[in-house]
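Trainee: Build the complex: two chains, separate frames, hints provided.
Protein chains in written order, with the numbering used here: chain V, 1 to 117; chain H, 1 to 111.
Honestly, I wouldn't trust all of these hints.
Here are the simulated lysine-lysine pairs, DSS-like style, with alpha carbons at most 27 Å apart [unchecked claim]:
id	chain 1	residue 1	chain 2	residue 2
1	H	Lys52	H	Lys69
2	V	Lys78	V	Lys54
3	V	Lys41	H	Lys69
4	H	Lys3	V	Lys54
5	H	Lys3	H	Lys52
6	V	Lys41	H	Lys3
7	H	Lys69	V	Lys44
8	V	Lys15	V	Lys78
9	H	Lys3	V	Lys44
10	V	Lys44	V	Lys15
Pair by pair, the computed Cβ-Cβ distance ranges are [what the hints assert, rightly or not]:
id	chain 1	residue 1	chain 2	residue 2	range
11	V	Gly16	H	Ala13	47 to 53 Å
12	V	Arg64	H	Pro21	35 to 41 Å
13	H	Ser41	V	Glu14	22 to 28 Å
14	V	Glu57	H	Ser28	22 to 28 Å
15	V	Gly72	H	Arg16	43 to 49 Å
16	H	Thr103	V	Thr20	29 to 35 Å
17	H	Ala13	V	Lys54	45 to 51 Å
18	H	Arg16	V	Glu14	45 to 51 Å
19	V	Glu68	H	Arg81	24 to 30 Å
20	V	Gly16	H	Arg16	50 to 56 Å
Read the hints as simulated data drawn from the structure, not as lab findings.
Keep in mind the model is a prediction, meaning the values are calculated, not measured.
Heads up, the beta-carbon is just placed ideally off N, CA and C, and yes, glycines get one too.
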Amino acid sequence: EAGVTQFPSHSVIEKGQTVTLRCDPISGHDNLYWYRRVMGKEIKFLLHFVKESKQDESGMPNNRFLAERTGGTYSTLKVQPAELEDSGVYFCASSQDYGTSTHNEQFFGPGTRLTVL
Amino acid sequence: DAKTTQPPSMDCAEGRAANLPCNHSTISGNEYVYWYRQIHSQGPQYIIHGLKNNETNEMASLIITEDRKSSTLILPHATLRDTAVYYCIVSSHFGNEKLTFGTGTRLTIIP
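Same shape as in the complex, but just chain H (with noise of 0.2 Å):
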């Protein structure tokens, strides 16, 4: 079962910011916050991961609470192709376990 609570859709105008919060207060000291998405017809795609530090990369930027138990993913200039289904999964970083996907978050891009 997923570890992960998250809002079952989200809109956001196009060029503003997404935020996409997750709760996970279950989450253990050795286990990462993971995003995906899963945009209509494709795979699952990653976007970003994190421990407890914020992080950022090209696609996203990750915001992680200090006490770890809630994250919030956006997305700083949202576009018509961000449309898609938002996954947050907590996951050990070693040994490549498996991942289990939870509802996620459908996120749609209003023009």
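Okay, chain V solo, but in the shape it has when bound (with noise of 0.2 Å):
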């Protein structure tokens, strides 16, 4: 079975510049995760669907990041306009869905490191 994807891995962009991030998660998880890490900071939470609907997006740090899961099956991260402060890794994770599922185990993608020069 395949983990979660996430594309592309590296990414690098002039600020004002507008990137957007993809994420597949485990086939048949209706919920799914944005997270990232920073430079030097602690790895946050920046929203969770479950299947195409925002169940929380209380981490997204601004009106510049819009999150979509068109379906509820992959899910898109856009930066518009991307700011220097944006650049680190952004992490993509996905579980069964809370009912059918024995633990809120999360199994995470490899992330995506972004840069903004």
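Mentor: Laid out in structure tokens, this is it:
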């Protein structure tokens, strides 16, 4: 079974440009999460989808970040316009619906390393 | 903010047991203790979780004190591949809520 995949693995853009990150969760996982680690900081939660709905977006830093999950499958995270402080590693994770899962295990992808110059 | 406290770093000799402590004195009754780790350049990886009883799986053992205010993750025979940052996280069992990562413990396995 394929794990969580993320694309691209690396992205280097200039300040003011737009970048779109993609996450493909494990098939059948209704829950999808975005996290990020900026340089020198802890891994921080951004938002949580249940299927196509945003369950919790309390961690989104500002309106330059837009996450979507059309059809409840893959998700995209768009940063527009990118700022220097957006540099970091963006992780996606997925998990089964709590009603069918025995515990809250989240499976993480390898991350996308974003560098804003 | 993280609800756990862990030592920033630890060393362990290869082949020995690695014991990683965690304090979670404000844990509530419906919260579980989860352990994840992040090996360099990879995404975090689930290790084990528990509520109040000790737990063991193929990767590790988890010992939770009776008052649930602290726990210890045990890697019984540490290998070089266990070098990673280990995170102790308290989280509700239901609702698949977000994980709150703290600073974790950087475990280095010494050959």
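Trainee: Determine for every hint whether it applies to the structure shown.
Mentor: Here's how the hints hold up against the structure:
At most 27 Å may separate the alpha-carbon atoms for a hinted pair to count; Lys52 (chain H) and Lys69 (chain H) meet this at roughly 10 Å. Between the alpha carbons of Lys78 (chain V) and Lys54 (chain V) the distance comes to roughly 15 Å, so the proposed pair stays at or under 27 Å and holds. The suggested pairing of Lys41 (chain V) with Lys69 (chain H) holds, with an alpha-carbon distance near 26 Å, which does not exceed 27 Å. Restraint check: the Cα-Cα separation between Lys3 (chain H) and Lys54 (chain V) comes to about 25 Å, which is no more than 27 Å; the hinted pair holds.
Annotation: proposed proximity of Lys3 (chain H) to Lys52 (chain H) holds, straight-line Cα distance about 17 Å (limit 27 Å). A C-alpha spacing of about 16 Å is found between Lys41 (chain V) and Lys3 (chain H), which places the hinted pair at or below 27 Å, so the restraint holds. A C-alpha spacing of about 24 Å is found between Lys69 (chain H) and Lys44 (chain V), which places the hinted pair at or below 27 Å, so the restraint holds. Restraint check: the Cα-Cα separation between Lys15 (chain V) and Lys78 (chain V) comes to about 14 Å, which is no more than 27 Å; the hinted pair holds.
At roughly 14 Å between alpha-carbon atoms, Lys3 (chain H) and Lys44 (chain V) fall within 27 Å of each other, so this suggested pair holds. Distance hint between Lys44 (chain V) and Lys15 (chain V) is fulfilled; the C-alpha atoms sit about 22 Å from each other, no more than 27 Å. Between Gly16 (chain V) and Ala13 (chain H), the C-beta spacing of about 50 Å keeps the proposed range 47 to 53 Å intact. The supplied range of 35 to 41 Å is met by Arg64 (chain V) and Pro21 (chain H), whose beta-carbon atoms lie about 39 Å from each other.
Checked against the hint of 22 to 28 Å, the C-beta distance between Ser41 (chain H) and Glu14 (chain V) comes to roughly 24 Å, which is consistent with it. Checked against the hint of 22 to 28 Å, the pair Glu57 (chain V) and Ser28 (chain H) passes, with Cβ atoms roughly 24 Å apart. Gly72 (chain V) and Arg16 (chain H) have their C-beta atoms about 46 Å apart, which keeps the hinted 43 to 49 Å range intact. At about 30 Å, the beta-carbon gap between Thr103 (chain H) and Thr20 (chain V) stays in the expected band of 29 to 35 Å.
Separation of Ala13 (chain H) from Lys54 (chain V) is about 47 Å and conforms to the stated range, judged on CB atoms against 45 to 51 Å. Distance hint check for Arg16 (chain H) and Glu14 (chain V): the Cβ-Cβ separation is about 49 Å, which falls inside the suggested range of 45 to 51 Å. Checked against the hint of 24 to 30 Å, the C-beta distance between Glu68 (chain V) and Arg81 (chain H) comes to roughly 37 Å, which is inconsistent with it. Judged by the Cβ atoms, the range 50 to 56 Å given for Gly16 (chain V) and Arg16 (chain H) holds: they are separated by roughly 52 Å.
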